[in-house]
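Let's have the full structure, built from the sequences with the hints guiding it.
Protein chains in written order, with our numbering: chain A, 1 to 247; chain B, 1 to 247; chain C, 1 to 247; chain D, 1 to 247; chain E, 1 to 247; chain F, 1 to 247.
Hint data in this document are derived by calculation from the structure and do not stem from the laboratory. Each statement offered as a hint is correct.
Note: identical chains are not told apart, hence a pair may lie in one copy or across any two.
Straight-line alpha carbon distances no greater than 25 Å define the calculated PhoX-like cross-link-like pairs of lysine-lysine that follow:
| # | residue 1 | residue 2 |
| --- | --- | --- |
| 1 | 245 | 108 |
| 2 | 107 | 208 |
| 3 | 241 | 137 |
| 4 | 107 | 137 |
| 5 | 137 | 196 |
| 6 | 208 | 196 |
| 7 | 11 | 54 |
| 8 | 137 | 108 |
| 9 | 11 | 196 |
| 10 | 237 | 196 |
| 11 | 237 | 108 |
| 12 | 237 | 17 |
| 13 | 241 | 208 |
| 14 | 11 | 208 |
Number of protein chains: 6
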Amino acid sequence: MERRIQAMTWKDFERFKDAAVIVPIGSTEQHGPHLPLSVDAIISTGLAEMIAEKINGIVAPTIHYGYKSAPLSGGGPIFPGTIDLNGITLMSLVKDVLEEFIRDGMKKILVVNGHYENEAFILEAIDLLSRQYPDVKFVEASWWDQISEEAMAKVFDKVEFPGWALEHAAIAETSLTLYFAPELVHMDRLVEDGVKEVLTYHVYPAPKEIVPETGLLATARTSSAEKGKLLAEDITKNYVKVALKEF
Amino acid sequence: MERRIQAMTWKDFERFKDAAVIVPIGSTEQHGPHLPLSVDAIISTGLAEMIAEKINGIVAPTIHYGYKSAPLSGGGPIFPGTIDLNGITLMSLVKDVLEEFIRDGMKKILVVNGHYENEAFILEAIDLLSRQYPDVKFVEASWWDQISEEAMAKVFDKVEFPGWALEHAAIAETSLTLYFAPELVHMDRLVEDGVKEVLTYHVYPAPKEIVPETGLLATARTSSAEKGKLLAEDITKNYVKVALKEF
Amino acid sequence: MERRIQAMTWKDFERFKDAAVIVPIGSTEQHGPHLPLSVDAIISTGLAEMIAEKINGIVAPTIHYGYKSAPLSGGGPIFPGTIDLNGITLMSLVKDVLEEFIRDGMKKILVVNGHYENEAFILEAIDLLSRQYPDVKFVEASWWDQISEEAMAKVFDKVEFPGWALEHAAIAETSLTLYFAPELVHMDRLVEDGVKEVLTYHVYPAPKEIVPETGLLATARTSSAEKGKLLAEDITKNYVKVALKEF
Amino acid sequence: MERRIQAMTWKDFERFKDAAVIVPIGSTEQHGPHLPLSVDAIISTGLAEMIAEKINGIVAPTIHYGYKSAPLSGGGPIFPGTIDLNGITLMSLVKDVLEEFIRDGMKKILVVNGHYENEAFILEAIDLLSRQYPDVKFVEASWWDQISEEAMAKVFDKVEFPGWALEHAAIAETSLTLYFAPELVHMDRLVEDGVKEVLTYHVYPAPKEIVPETGLLATARTSSAEKGKLLAEDITKNYVKVALKEF
Amino acid sequence: MERRIQAMTWKDFERFKDAAVIVPIGSTEQHGPHLPLSVDAIISTGLAEMIAEKINGIVAPTIHYGYKSAPLSGGGPIFPGTIDLNGITLMSLVKDVLEEFIRDGMKKILVVNGHYENEAFILEAIDLLSRQYPDVKFVEASWWDQISEEAMAKVFDKVEFPGWALEHAAIAETSLTLYFAPELVHMDRLVEDGVKEVLTYHVYPAPKEIVPETGLLATARTSSAEKGKLLAEDITKNYVKVALKEF
Amino acid sequence: MERRIQAMTWKDFERFKDAAVIVPIGSTEQHGPHLPLSVDAIISTGLAEMIAEKINGIVAPTIHYGYKSAPLSGGGPIFPGTIDLNGITLMSLVKDVLEEFIRDGMKKILVVNGHYENEAFILEAIDLLSRQYPDVKFVEASWWDQISEEAMAKVFDKVEFPGWALEHAAIAETSLTLYFAPELVHMDRLVEDGVKEVLTYHVYPAPKEIVPETGLLATARTSSAEKGKLLAEDITKNYVKVALKEF
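Listed below in structure tokens is the structure:
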């Protein structure tokens, strides 16, 4: 059954009026020498489609451009190919898209965020809408916050978890991309690299040396499609639990 | 060779620094009972990839949400599933995305527009950028303006061309979608319908009867994948001619 | 009877609370060597006053500054004396003015547009207001869309109609200005000129050679005050028809 | 010699590239039972044309809509026919118009303000431009600040000057309108009225009783076209003095 | 009894739900060689606390940054240490803060303004809110407008009152700061200085010589803590009168 | 030596032209039954002044209003007394203030953030400025990120550290407020309370039961002025280390 809004006719869409609409938001951002720029969009879209199956929801066209990747958690403007939106633009974009679903009568909205830096601006857009539409239920959740402890233990079986700030283009993202879009992953280009010192502050202009030349903040070694599948299913299960509770 | 930026690593992207970047912009808008909501995105993306091949360019992630579809040329807010952006939002979105490519050093930008109502806001974004970056060359062109007279004659062989305002979800769009994404076209759901009287003005709130209940503004009869191919190749040829002249 | 709001006292105005308010919007833009910069304002104002007489409406102070004239349909920033607003500014200006009439209790608003490039931004302003004030009826119409086929045949009796994109400072505008403000037309400075090749796309920065040095996109030969009168009456008749139908 | 930009062709305009451009800004606001809504525009336009003659300057199309008339100095939203702009809109409008003249190469800009409440927003627009264009000289001056003591004594010969806050639709404005547009003044409708108590603060929502029912804040008795002429010439002389000093 | 919101717990605050909230707004602006940059904040805060005592109100955290100090009434950007907000920023700031009190259920809001140039932007913020919340009563008043004639006579006993435009860092502000924050006043650094010629217009860029090198627009001689006390009590009495009348 | 800008004259300020300017940003937000609404401002101001002493810097007037406190980390709009800014407003406010220091010639800016939710909007403001002023060095750092492991061990000696999301009005903030403003802390009102279940997602409208009725997210037991001193000195040491490295 087709659950992607972009693939539906308007009459197909109309049948889902009472369903939850799931909006995946990614980014276009450097993800090391082995992963495509759209990793955050690929993962949030893939998860959104899995969640939709379980809760009879539908999936909005993915927002492919996200907020500026911070120097400390992605490399930001230092790397070519990172195409960012300003904060106001992302806020307006999310606000307009969500409001249109509300104007079409939808009352349950789930935003699946795949890019850490997006979150504050997505939440601001939702807060402004929520004041206007108090009878709509909005849930926003980043996928890494939905992983169970059991799954974490299995994924970081040989490599220690470096914290989410550094888990960029590393084991979790590489495994999930190997699961959702294996043809776009170049494991042969993978190198061992990582951030040497984690700064406790933000500095502008960002010194180039903050991020390793490869763009890898932590090792992606031990990534696999199996781990990706395990993560995807674990994360989906937890999103579904949230959706069933809140909607 | 991979030309879609979303599928490239940042190092792949870096190799195209001197190339033209092609930005397809669509919409999420009703397109009658037989076509998917994302027709405008599908067509502009498909064309962008064909053009990229010919001019050694690269293709940015498609902008899937466009400006409000006008009641008279698409049905606008009357139909469920039409997910529009406000004018300011589209302007900011296009401006930010294009500016990021410029900050990455790119000097040749081609916007392939697939939704009529987008154009004024895209041009405003480009005008504001052009004042700031006078050494960058921007070309914006809607696909229907690139069709040759010969192709028009072949496509509208049995049905009279109703004018582009009404050519919504009709022969040209149906044929192009049959070519680019046949699995999303439901020719069996096609009905004969069309606008009875074309208004010479805009009225708000839009009366429901302005657009036929099906959302079809003109007939899609005689559409075919062959006509879609013919159109796609003709349009591509003309975009390439423009690109070669301007870049 | 005074129908221009600017010439009324507030007590005069108050008597028209149930009337339609007509808002003429023009521009300050090059119109060749023989026409004044305010042609678009002169024509929309002149028509607005004629329409007001017929529908017992009143006419708001003219908006003299419009959106950027596009290189392809007016010459834009290439010519001195073209004084444009940014898109957001025009939208805010139109929105504020119309909203004030609504706050004064008026429920019928007719915008008479005299500058092609204004239209998308006027419509955006109206769309945003219409969501807020669903009981107000807004009509927006550009004057060239209201000309009957009969009038066109008489006006383009010797010269072929070049399409509205090129009908800039040409026969229709020259004739209408000869009718509304003959003292501002310099027929003696008129030269034969015109666009050689019509581009099917927009390019920035605009190459100077896109528009002839005179600023004339098509011939103004055969223009006359009589043709202007004929056009003005024909257009007024059609605006009145629209107003009677919609208000 | 034609000095109104709206009446010039672009070639006429071009000849004034080194001249000062004078921008009159008014409002559409209640001015009692005897004066038209556009008094502020009429006076600032009339003065601008007189100044232009003396300094070989040119006059931009008048901005007819101004900032919200305050309850205490005009009656604001209490009276029908007062059509105000929001602060941001007026700022953007003034900024865009002035910037266009700068882009056309002009370096001397004089804003003639005819509506008290406009001033803060005009100055903000100018301040923002001035940071961007440090080589442009901007002068902004409200006409009432340019009256000499001698002229004041002659104008307020029988009636005591009530202060500018109350001089709304009173002797100075009535006399100037009698001079610039006598056909729009209805001296026969004049009544004796005025504000009883001047508040030292602003209160919202504005209580209706703040302003007399007629909209008159002070008497207009003893107004005359002769006083208008005297004022106009005195004010012009002082504007010219400023212009000669600053440009 | 604690009346400063910043010093209260949320439960303390809750007890004042039906009280008036008083919002002091100042600036960070040069005030001559003897007064601190925050004079406007010190005075408006001091007065707000005195008023709160009398009307059982509470005092919001002071807004320390204000709108641009004009060259003619403070010296503006010419002096280091003047830290200004753009007009839109001050409007948004005031609007957000006031709206939050309204969302907490408060219906009586008094803004105590301590910086002349703030007023237009504060009023715009209030006007926009007032349209949305018609049942809230807003009063805005600058402190210098609340001084009685008797107090003025006593304060300007030996020095002639120069008008409020020049009373910057002069007798009234110096006396009030001597009363509210004597430890921040350096009477030993005081010099005799003042504006020689008052301009009747605004000019940008502001010529340095408009304001004396010291930043003093008029003499501060004869200032004293006693005069400050007298002023503070007189002003408070008049604010209280206004509050009792309007709330 | 006076290091608070608000207490300096403009000549005092001028002497620090080459110094670092430190900008403390707080919030007005519920902090349980025992702490004042301005805890975040008190702590960031206190630390800013300590840092200024060590690096010969100066301290800007504190920004007392911050971004919306999220339901999950502070209780947000559920509690009276929380006075938040919209995201755009905080961005504009920070941007304007910082830009003014830059215009005064300062090249070293340190933002001391005391409210978690502020960070994304502060960084956006800085990013936009940094593009415009590449020769200015900006450092932004939240105080909790500057605590050493040793200090953490001493502060959380008897109570387990609950994570920073829940450390709201708990041991660290209570101890620091006991150190900086003991007169505003009501230890007698302290109760034992805390969040039962930490949500892994954001939901709007925020259900009241997300946050305990007291507003306490974790225990404040074992807080003391000594711990506050220890924390303040430890944090200051680390800020100073950062400043010495980056400036």
